[in-house]
Structures are given as structure tokens and as C-alpha cells.
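Novice: On the provided structure of chain A, position chain B as indicated by the hints.
Chains A and B, in that order, give the protein sequences.
Letter by letter, the first sequence follows residues 1 to 841 in our numbering.
Letter by letter, the second sequence follows residues 1 to 148 in our numbering.
Calculated directly from the structure, the hints in this document are not laboratory data.
Nothing here was measured: the structure is a model prediction, and the numbers come from that model.
Each hint should be verified, as a subset may be incorrect.
Unchecked claim - Taking lysine-lysine and the DSS-like style, the derived pairs with C-alpha atoms no more than 30 angstroms apart in a straight line are:
no., chain 1, residue 1, chain 2, residue 2
1, A, K36, A, K10
2, B, K82, A, K71
3, B, K73, A, K70
4, B, K82, A, K95
5, A, K62, B, K60
6, B, K60, B, K30
7, A, K62, B, K30
8, B, K73, A, K95
9, B, K30, A, K71
As the list claims (entries may be wrong) - Label-pair restraints from in silico Cβ distances:
no., chain 1, residue 1, chain 2, residue 2, range
10, A, Y90, B, Y83, 36 to 42 angstroms
11, B, K30, A, D81, 47 to 53 angstroms
12, B, Y83, A, K95, 29 to 35 angstroms
13, B, T87, A, K95, 20 to 26 angstroms
14, B, Y83, A, N128, 34 to 40 angstroms
15, A, D81, B, E75, 26 to 32 angstroms
16, A, N125, B, K30, 32 to 38 angstroms
17, B, E75, A, N130, 23 to 29 angstroms
18, A, T123, B, K30, 36 to 42 angstroms
19, A, E91, B, Y83, 35 to 41 angstroms
A virtual CB, placed ideally from N, CA and C, is assigned to each residue, including glycine.
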Amino acid sequence: MKFLNTISVKIWGSFTLVLFVIFLFITIYYPNQQHKAFTDFKKNELKEIANTIALGVELSLKNDDFEGLKKTVELASNKKDFEYVAVFLYENNKKQLLTSYPEINNDKTLSENNDKFIFEKATFNTDNFNGEVLISFSKKKINDTVNALNKPLYITIFALLVLSVILFYLIANQITKPIKKLIKITKELQSENYQTNIPKSYSNDEIGNLNNAIIDLQTSLNESRRNNKNLTEGLEEEIQKRTVELERTNLSLVDAQSNARISNFHYSSQDEKWEASSVFYDIVGLDKRENYPISSLLTLFMPEDRNELALFLDGKDNKSRERARDFKLVRQDSKNTVWIDLRCLLDFNEKGELLNFQGTIQDISYRKKIEEELQELSLVAKNTSNAVIITDANRRIKWVNNSAIKMTGYSLEEMIGKSPKMFQFEKTNPTTIAKIKQLLDNNQEVKVEVLNRGKTGNEYWLELNIVPLKNSNNEVYGYIAVETDITELKNSEDAIRRMNETLENRVLENTKKNLDLSRMIVEQEKLATIGEISAGIAHDLNTPLGSAKVGAESLAYVLNEISQLFPLLGSEEQFLVYELSKEFKSSLLISGVQKRKEKEFVVNFLEQELNYEPENIPLLAQKLIDCRILHEQKDLIAKITKLSDPIIFLTVLVNLQHKDSLLESIITSTERAAEVVKDIRSFINKGSTPDRIEVDLQKNIQVVLNVFNYELRKNISLETSFEDNLKIQGFDVKLFQLWSNLLKNSIEAMDSTIDKKITISTKSIENFSRVEISNNGPQIPEEIIHNIFKKFFSTKRDKSGTGLGLSIVKNVVGEHNAKIQVISTEEKTTFIIDFPRINAF
Amino acid sequence: MAFKMRQIKIIFVILILNIFSGKVYSQNDKFTFIANEIDFKTTTLKNIKAVFRGKYSSWKNNQDVTIVLPSTKSENAGDVAKYLYETTVTGMQKFWLSQVFQGRSNPPVFLENDSEIIEYVRKNPGSIGIVKANTPNIPNNIKINITG
Numbered sequence: 001m002k003f004l005n006t007i008s009v010k011i012w013g014s015f016t017l018v019l020f021v022i023f024l025f026i027t028i029y030y031p032n033q034q035h036k037a038f039t040d041f042k043k044n045e046l047k048e049i050a051n052t053i054a055l056g057v058e059l060s061l062k063n064d065d066f067e068g069l070k071k072t073v074e075l076a077s078n079k080k081d082f083e084y085v086a087v088f089l090y091e092n093n094k095k096q097l098l099t100s101y102p103e104i105n106n107d108k109t110l111s112e113n114n115d116k117f118i119f120e121k122a123t124f125n126t127d128n129f130n131g132e133v134l135i136s137f138s139k140k141k142i143n144d145t146v147n148a149l150n151k152p153l154y155i156t157i158f159a160l161l162v163l164s165v166i167l168f169y170l171i172a173n174q175i176t177k178p179i180k181k182l183i184k185i186t187k188e189l190q191s192e193n194y195q196t197n198i199p200k201s202y203s204n205d206e207i208g209n210l211n212n213a214i215i216d217l218q219t220s221l222n223e224s225r226r227n228n229k230n231l232t233e234g235l236e237e238e239i240q241k242r243t244v245e246l247e248r249t250n251l252s253l254v255d256a257q258s259n260a261r262i263s264n265f266h267y268s269s270q271d272e273k274w275e276a277s278s279v280f281y282d283i284v285g286l287d288k289r290e291n292y293p294i295s296s297l298l299t300l301f302m303p304e305d306r307n308e309l310a311l312f313l314d315g316k317d318n319k320s321r322e323r324a325r326d327f328k329l330v331r332q333d334s335k336n337t338v339w340i341d342l343r344c345l346l347d348f349n350e351k352g353e354l355l356n357f358q359g360t361i362q363d364i365s366y367r368k369k370i371e372e373e374l375q376e377l378s379l380v381a382k383n384t385s386n387a388v389i390i391t392d393a394n395r396r397i398k399w400v401n402n403s404a405i406k407m408t409g410y411s412l413e414e415m416i417g418k419s420p421k422m423f424q425f426e427k428t429n430p431t432t433i434a435k436i437k438q439l440l441d442n443n444q445e446v447k448v449e450v451l452n453r454g455k456t457g458n459e460y461w462l463e464l465n466i467v468p469l470k471n472s473n474n475e476v477y478g479y480i481a482v483e484t485d486i487t488e489l490k491n492s493e494d495a496i497r498r499m500n501e502t503l504e505n506r507v508l509e510n511t512k513k514n515l516d517l518s519r520m521i522v523e524q525e526k527l528a529t530i531g532e533i534s535a536g537i538a539h540d541l542n543t544p545l546g547s548a549k550v551g552a553e554s555l556a557y558v559l560n561e562i563s564q565l566f567p568l569l570g571s572e573e574q575f576l577v578y579e580l581s582k583e584f585k586s587s588l589l590i591s592g593v594q595k596r597k598e599k600e601f602v603v604n605f606l607e608q609e610l611n612y613e614p615e616n617i618p619l620l621a622q623k624l625i626d627c628r629i630l631h632e633q634k635d636l637i638a639k640i641t642k643l644s645d646p647i648i649f650l651t652v653l654v655n656l657q658h659k660d661s662l663l664e665s666i667i668t669s670t671e672r673a674a675e676v677v678k679d680i681r682s683f684i685n686k687g688s689t690p691d692r693i694e695v696d697l698q699k700n701i702q703v704v705l706n707v708f709n710y711e712l713r714k715n716i717s718l719e720t721s722f723e724d725n726l727k728i729q730g731f732d733v734k735l736f737q738l739w740s741n742l743l744k745n746s747i748e749a750m751d752s753t754i755d756k757k758i759t760i761s762t763k764s765i766e767n768f769s770r771v772e773i774s775n776n777g778p779q780i781p782e783e784i785i786h787n788i789f790k791k792f793f794s795t796k797r798d799k800s801g802t803g804l805g806l807s808i809v810k811n812v813v814g815e816h817n818a819k820i821q822v823i824s825t826e827e828k829t830t831f832i833i834d835f836p837r838i839n840a841f
Numbered sequence: 001m002a003f004k005m006r007q008i009k010i011i012f013v014i015l016i017l018n019i020f021s022g023k024v025y026s027q028n029d030k031f032t033f034i035a036n037e038i039d040f041k042t043t044t045l046k047n048i049k050a051v052f053r054g055k056y057s058s059w060k061n062n063q064d065v066t067i068v069l070p071s072t073k074s075e076n077a078g079d080v081a082k083y084l085y086e087t088t089v090t091g092m093q094k095f096w097l098s099q100v101f102q103g104r105s106n107p108p109v110f111l112e113n114d115s116e117i118i119e120y121v122r123k124n125p126g127s128i129g130i131v132k133a134n135t136p137n138i139p140n141n142i143k144i145n146i147t148g
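Chain B extracted, bound-state conformation:
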């Protein structure tokens, strides 16, 4: 709840600068980030990790940031936890428990598989999710290009 608006604005400017750099890198890694009606389509991994670590609660267009993650029952959960939070699944749960408890972030949405994630992101503006890179049928309009 105690967001610092000044920090958010600074980060937001950096993101804009990245978008207009014109340098887009294809995601050939294990995971692909997807998002709906957010302010950018291309960003850096660092920025995207910052988003997934609950640094922001709303986008520039005032959409609430809704983070979508594989649930603990998902086979990707361990990888995602390690990839994004550099911890285990329970570590990721503790992280989010603390975040939500203290009101720093909106509560994330945990879904059991990638298709549910894709479906959720597609239907919910402001949401951002992570799926395996090789997941079929990822609509391009929700993909986020990661550069650098």
C-alpha cells in the first residue's frame, strides 16, 4: 500500500526509452512473457523481472498490474520460481505472502497450466504472465519481446 510514486514514474520513463530504442530481441529462452493491454511490447528482462517481483501495481494506462504465475501444482512452478525469484516454490509463496500481507502488490493469480495462463492474460487487460517458450498457440498480440 505504501507505494512510492516517484520511483514508479522514474521506472516508467526508463521503460518508455527502451521501447523507443527500436532494438527488439526475439525470446529464444525457456519462457515467454505475455501481457494484455499494457504500455509496452518490448522490454528488458530486468524490467520484466521487476514487474514480476511486484514493483508496480498499475500500468501507465491505470490498468492494475495482475501477475499470473503457474501454481504450485504446475510443473513449471519450480522453474519459474527459480527463473524469476531465484528461489524455490515455497520461497516464492513466502515472497508473495509477505508482499500481499503488507499490501505492496496486488495478489498474483496462480494457474495450473500454461494454456490457462494464456487464456487468462488474453481475457484480462493489465495482466502479465509467464509460460514455457514452447507453448503452442501463444497469440502474438500478447507476447512481449525481451531485449538485451
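Same shape as in the complex, but just chain A:
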């Protein structure tokens, strides 16, 4: 392709192309035209021959002169170049070949084959004949003739073409030779070989001019090279110098950034690349060596600021691209907060989405702190009751606070630019004024009392404090004066003194009153304590008395039954029941399982050995078990079954048994009440406690169960399981309180339960003697379960709850070095008390 782009080829190729087109035109167009002309000529000739032959035929047939026909045929046959000539006759509307010359047998040849032949026709007519003469000429012959005619032309043209191409090639080469030479020179110049020899051209054509122009260019380039060399050397020096300066500037900038705690940054959302100077990482407490995604950097902002940040970076609403705002960040290392001044230039796309942003982040924590302090100070200065006046170095007022305006009566505008001397007047002590001036001239603080006058002529005493304001060079750039109005102080020092005395008296009086009050509070606290103790005492007393009351009520019920049923028995039966009541004692401390088992034996005995009436067996068996007459007492059972009414007999027996138990319980309860009273007495006698004794847990609990027997019998199923001879060291009476309160609490808890059930068990576990008391009352909510042992906490305020029951329980447990826990589920609530074993106590 490079070859095709050379000038030589362009010149040579163009001429060659033009010649080729011309020769192509000649070799195609002219032969075609010749062929056409030759064909037309041949057709005319054929037409004439056809006409001549037709005339010969016509004459020969009309005149019987076949000699003429022969001559015309001979005439035609002399023209060797026709293909054939034929005579056709029209007979019966059909064209039939009569004869042809030369003779042709194949009719197809005679058909007018326009591809191969040209045809001409001539008709003849006589009285007897109508027909036509057809003469044909081969197109191939025409082509051959034309080709033969043009063959020398083709050869000549081809030779001319070849010669022209060679000639033009040589000419083109000759034309481009100096150009190539110039190109070579130019390339040498391009490769900075400016010393190459370029011969001067004396030709006046374009190439000669170009040659001389290149010589001029060479001269110019040599000159430029020298200049460039000088310039380059100068530039290198300059660049080196500038580089050093730039490095120095850069270091200064880094130092400046570091000192000013300012960092530049750039963020591109397209590649999510965050770039910032090292100060940034120093500000936010991150390791510079790591890469942080923008999302993690956003978490540096305080959560409450993140919406503000989103608005800050928002591109909608055609806001300005330039943004600046202070934000608070959390340092990632120390978690301390740091204030930053964020200034950036944002780029958005057409949809308002953030593309890039760049700007600076400056740690302004110190400034913020100063600002806050200044704000606070400013607030103080503004709102303090003291007058504050600030002046410049020339002691001209720059700013005053509200109190100063109020004190002097002048407006701010009236005071600005004036000297504070405007407040002094004839009564102002000149010595004081001189002192002020002297101190200020020496850049010292002033603290004096001075009399001034306001706008309305009001005179007022001031305690004046003036502090010179100094810059870092210790130059005074202003003064701040704090003025306290001490007019009243001055005018009423006596009154103040008197007031002070009065106040002192009042203080003394109040102190005395307070001491009295303190004593009262101590008394009240004492009373409260006594009240609290009283509530406990009341409860302690109430429990055995309640038990006695319940026992008495139960006893009344039992005696009533006895009095109704006893007369129904015969005298022997009365005697027997009485004897049996002494022999057999009913007990509530029999477990349900045991009772069922005993009942089963008794039923079997009644059924199998006594053949007792089946329908009465369950009731009779139950009564026997209640009376503690078990199946081992076969003779006695047999005897009872033979009585007139065993059921009434047994009912009386069980009531008699209960009567004894109840009486015992009442006695025990009243004794216990006495014990409580004894306890109270012990308490009152400060610290005297009942003796610690060995307590049998089963017996101790049994007493309480006896007391609550009436309540339990009414509607509660009681199940007990006691380990024999399980004893603890404890306070008998206090344990009564413990069980009573837990039992009472259980009964009350099951108030709304339908099938009420209480389970009590004792057993030894490792170093503990455990008592478990469960009820199937509602679950104690989790939120209050931790409070139930607290004093005065009650869920039964609307009923009988005092809030002391479980508090006493806790106290008693504590006194026994025991532990109590409560487990409350939907099914049941269980109190578990673990007492230390005797040997471990």
C-alpha cells in the first residue's frame, strides 16, 4: 500500500489508467460499430441478391426461361460469403421449401436462426406460383471478418499501451527522483542530522524551489538548534530550581496542613476511590495504609448528623455545587468526638446523582471549643448583671452589654467610639482617675471604686475592674472593663450589717429548729420502725389466733355432727365409738397415694372376705380409712359391718377423732399465741431471742396443718410426703410463722382455682433438709416474682394482704441460715426451703 502512495505510482498509474480506458474504448466501441456497419452492409447486399434471384425465379417461371435463372443463381453463387439461398413456395397457405443452394436437407438450418445468421427475403409472384427467396449470412463470418480487420489494430494498441506504460513509468521516476532525494534529506533533518550536504538547485521549477526552501530550512533549523540548546540548558536549570521550590512548597503545604489540621480529599463515585492527605487519617484516627470504602467513612459521622450529611451531598433542587458545613465525627481509635469543617465542590450527573466531590476537611475541634467558650463568655458578658465595656487600644468604646446600657442610660450607638471618660464628672475622684490612667499606661490591671454619672444625671458607685487585652506579642489591643454597681452597697452598708445580724439570728434560730426537726424525724423513724414491728407482731399473733379461731369453728362443726348422730347409736355402739376414738386417731398427714392404697385393701377385704353389699363398699371403706381403721383390723371391721348403721357409726367416730385433734390444735395455737407474745416480749426486750432447739419438721408442720385443717378440709386436696425424723436446729415458733404464712399464702393464691391442691414434702438432700410447699394457683408473673419477699409488697391489697407475710417468711428463713426459692410455672408454684442439716449447722 505504501508503494501505491508514492508520487511516481500516482503519476504513472494515472496515465496508465487513462490510456487503458482509451484503448479499452477503442477496442470495444470501434469493433462494435464496425460490426454493426458491416452487418448493415451485408444485409443490403443480401437483400439485393435475394431480389435478383427472386426476379430470376419469377422470369424463369413466367417465360420458361431457365437460362436467366441459371445466370442469377450463378451470380449469387459467385458471392461465396453467403451461407445459403433457398426458394419457398406458398402452397395451401403453407410455406414449403422447394429448393436451396447449396442443397440442405435439414429444415432446421433453414429456420430463421437469428443467433447464428442474418436473413434477407424477396418474394416472387407468377400466375401459378407465389413464393419467396431467402438468403442467409453467418454472423460468425461477420465477426471473423471484423476481427480479422481489427487484429492489426489490437496488436498496435496493445503495443502502444505497453510502450506508454513503460514511457510513463520512466517519466514518473524521473519526476519523482528529486522529490525522493528531498524526502531523504528531510528525513535526515528530521533525525536532527542538520549538517547533511544539500546541493543547491538551479532549476526554476517547483521542485527546485522546494530544494532551495529546504536549504533555507536547514539553515533555520541549525539556528533554532543552537537557540534551543541554550534555551534547554536555561530551562533545565529553571526546572531544577522550580522543582526544589515546589518540593519546599509541598513540604510547607504538608506542614501547613498538619499544623492547621486541614486535609484535602477527592472522591469519585465512578471508581469509588477516596483519596485524602495524611492529615485526614490523623483527624479521624484511621490507619492511612488501609483502604476504606466510602460507606465506612460515612459511619464516622454521628448518627444524628447522617440525614444532614445526605442533604449536604444531595444534588437535587439545583443547589449550589459548593458546600460548607461543620460536622461532628467520632475518632475510630479513641472514640472521642472531633469537630470538622467540611468544604467541598460537588459534581452531579443530569439526574442529580453525585459523581465526584473534592474539597477540604479541617479539624476545628479546638476552634469549636474556643467558640463554645467564647459563646458562653459572650452570654455571660451579655447577660451578667455587671456592666461590661470593651474599648480599643485608644480607649474608645467598641462594645457594651445590656447592663451597661441600663446602668448608664446611654444607648449603644451613643457610647460606641466615645471614651469611658464620658461617665466621669466633677464629683469623680481625680485621684482615682489619675490612678486609673497610670495603671493603664503601664498596661496593668485596674481595680478601683469610682463614682460615675449616667445620661439622666443619676450618680452611681462602681467597683471597676479594667483588664488590658494583649495579643501574642504582648501588645495591648484593647481593654475590657467590668463594672459592678455598688451604689446600694455604699449607701446601705449599715443596713446590710443589720440585715446580716438578723440573718445570723435567723440562721441560729433555724438551726435550732432544724435540730428539733431532726430529733422529730428520728422519733418518727423510730415510730415507723415500731409500726412496722407492730404490723409483724399483729400478723404473728393473728396467725395462731386465726388458727385457734379456725380450729374453734371446725370444732363447732364437728360437735354439731356428733350431737346429731351420737343419739342415733345404741348404748353399746356409743361405748364402742368412744373407746375407738381413744384408740384410733385420725391424721391429716397421710398422703393421697397411701390413702388410696389403704382404701384398696379395705375394699378388697370387704368384698372378698366379708361379702359386704357392693354399693356401700366405697363409702364404708372411705369412712374406715378416715378413722384410720385399716384392713389389718379385720375383726374390728367385721364387727363394725355388723352394726346397725356402720356409716353413721364411723361418721361419729371420725368426728370424735377430729374433736380431739382440734382441741389439741386450739390448745397448741393458743400456746403458740402465748409464744408469740413471748417473742414480742423478747423483741421488746431488745435482742433477747427465743432459744434455738431441735425441731422435728414433720411435727412442726403438722401443728400448722392442724390449725388450717378446717380450711383444708373444705375444698383443698392436700398431699403430704414427710421423711421420718427429719430434724433441724431452729426456732419452733418462728417456723410455725413460716409454715403458716406459706400455707396461708398458698390458700389465698388458689382463690380462683377450681381443683385446689396443696402438696407438702420434706426430704434430705446432701447437706440440706428440704421442705417443698406447692400450690396449683396461677403462675406468679416474672416481673413481680423478685418482689414478693419484699416488705409491704402485696398483690392482695384489695383483700387481706398486708404485704408482710412473705417478708416474715424471708426473715425467718434468714434467721435459720436457710435458703428459700420460688419456682412458679403455669401448673404450680413451689416454695423450696433448704435448711442446713443438723450436723452441718
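Specialist: Showing chain B alone in chain A's frame:
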């Protein structure tokens, strides 16, 4: 023009054999054949018809064969056409048109009556003609005897 010389020679030998057979038959038919300076005086009808159908273009003595026939205007034309060419007058014309066109034969001479025919034959050596048998004044020297 495309004569086959071998065929001509064979026919010529046959004719010679006929001449020397010595058996001459008088022409008592409707037509009499006349000829001038030809190679034979006696021949068969078949041979003579062959001559009239343009089979030969020259005689043995190199004389061109000139066939003389009654023209289409002659009253004999129809009979002669039928007798010699077994066709009509126009058929005979087509025959000769084809023959002459293709150069197979010399063009025949058509004359209007028998006397012109006789006169032509008498004056033109190599010519052969046909006239009615009863035509008067037919010179004997030009008559051709037909045998068999």
C-alpha cells in the same frame, strides 16, 4: 453442379450396349424423340426419360446436353409433362426450377410448337427434344429409335 462422374460413366456404358444390341424398335407412340449429334440413335425409353430428367449434362462427345421441351403455352406441354415427368406442367416447371437452381442440369429450352423444336434440335448439336409422333417433316437423321 455436383455431378457424380462415376454414375454418368456407368450409364453411358449401358447406353452403348443398347446401341450395339441391333434390336431397333420403331416409335409408334404419341411422341417422337429427336436429337442432334448425340452418341446414339437408338435407346430405351427408360434411358431417354433419364436424359429428360436431367441425369446427364453432357454427352460422350463432350457436347452439352440441351433438353428442348414444349413451353407451357404449347398444347403438348401437359402431355409431355405427364409422359416424361409423370406430373403437371407446373410440376414440371418446379422440377426444372429446382434442377437449374441447384445446378444439377443445364437449363432446358422451352419452345412453343413442335416445328420450333425440330428446328432448334436440327440446328443445335447436343440438343434433344420431344415432339408429337405425327408431326410432319421430322428429319430422319435426328430421330431416335426407342427400343423396348
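Novice: Under the constraints set out in the numbered hints, which ones does this structure not fulfil?
Specialist: 1, 5, 9, 10, 14, 15 and 19
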